[in-house]
Amino acid sequence: MKIILFFYALFENITLAIKNITSPSEKLYFIYLYIFLKFKRLLIYDILRIKSGSLKILSHRVYFPDYELFEMMFIDVFLKRIEYLETKNSAPVIFDCGANIGLSVFYLKVRYPNAKITCFEPSSDAYQYLKKNLSYFNGCKLVKAAVSGKNTKWANLSSPLNAAPADLSSSISSGISEIRWKDIKVKKEKVKTVRLSSYIQKGQTIDFLNLDIEGLEEDVLQDLKKTARLKQVKEMFVEYHHTKNTSFITILDLLTKSGFKIIPGGDVRPPLPRYKDQFYIAYFWAYKNS
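Going by my numbering, the first residue of the sequence shown is number 1, and it counts up by one from there.
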């Protein structure tokens with residue numbers, strides 16, 4: 001059964017790459033790299049039980065704490081391209097909130113070497129990989145903090161203690177811990193929180209905003225609107241994390257009233273009733289016409 005699932009996933013994700021990547025040379029490169037990663041994981045992780053590793057991508061080496069986790073990230077960034085940016089600006093201004101180990105920023109810097117990118121990551125474990133993976137590039141500002149609707153000296157950051165697959169997700173939202181990690185042990189770390197609006201200069205155009213902040217999306221977007229910084233954002237990718245304290249409809253309403261158009265994504269699959277009062281993730285792209 002494992003062999004069947006292995007080749008099914010291989011075929012499915014190669015099909016994604018064929019569909020999503022337009023450049024023939026880039027298409028072949030990332031298909032080859034994915035196949036290489038898939039078999040490398042089979043040997044190193046599944047057979048030899050070695051968790052951490054690295055992979056050379058586009059002449060730079062990327063380091064990661066877990067093969068299974070990295071494979072999922074690789075598929076999202078390079079094959080699904082869920083955070084893919086197309087802009088005529090050769091030096092776009094980008095904010096990545098919840099940068100994790102920096103894979104999406106890594107790819108954006110390769111595509112746009114002159115991009116000015118500010119990355120926020122509160123987890124000490126993820127932040128160490130973030131620093132290492134972005135050390136090749138200039139124009140990256142790293143902030144070790146959780147993005148929230150307010151500035152605080154510290155907050156309790158929760159993350160899975162022994163989650164499979166070595167999940168580096170973390171959150172200062174109590175709602176996330178109560179629903180997403182209710183049946184597993186969590187570890188806590190004291191981190192500071194910052195308002196995203198305080199990092200955006202008045203009148204500064206933000207070409208791309210990436211929000212993956214584990215349940216605090218609404219707080220941050222409300223603060224951006226209140227401080228008139230939301231109107232400076234051209235495009236954004238938002239990963240919405242549902243808890244009893246969050247509202248997908250409120251976020252969509254806020255953005256549409258602020259002039260954004262919405263392209264919905266997924267991760268929630270039928271049968272939908274099973275998600276009643278449960279944690280789930282839904283992502284979407286929001287943009288304004290030029």
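Certain hints may be false.
[Said to hold, decoys possible] In silico DSSO-like pairs for lysine-lysine, Cα to Cα no more than 27 Å straight-line:
1. K131 to K80
2. K153 to K132
3. K202 to K187
4. K38 to K27
5. K244 to K202
6. K144 to K40
7. K132 to K225
8. K276 to K226
9. K144 to K225
10. K244 to K185
11. K234 to K150
12. K88 to K182
13. K131 to K153
14. K225 to K153
15. K188 to K202
16. K141 to K40
17. K187 to K150
18. K116 to K231
19. K38 to K132
20. K231 to K190
21. K190 to K150
22. K231 to K202
23. K80 to K192
24. K187 to K40
25. K80 to K19
26. K56 to K153
27. K88 to K288
28. K116 to K225
29. K182 to K131
30. K51 to K88
31. K141 to K88
32. K192 to K261
33. K51 to K40
34. K185 to K276
Simulated from the structure, these hints should not be mistaken for laboratory data. Note that the structure is a prediction, hence the values are computed from the model and not measured.
Which of the numbered hints are not met once you compare them with the structure shown? 3, 5, 6, 7, 8, 12, 15, 16, 20, 23, 24, 26, 29, 30, 32
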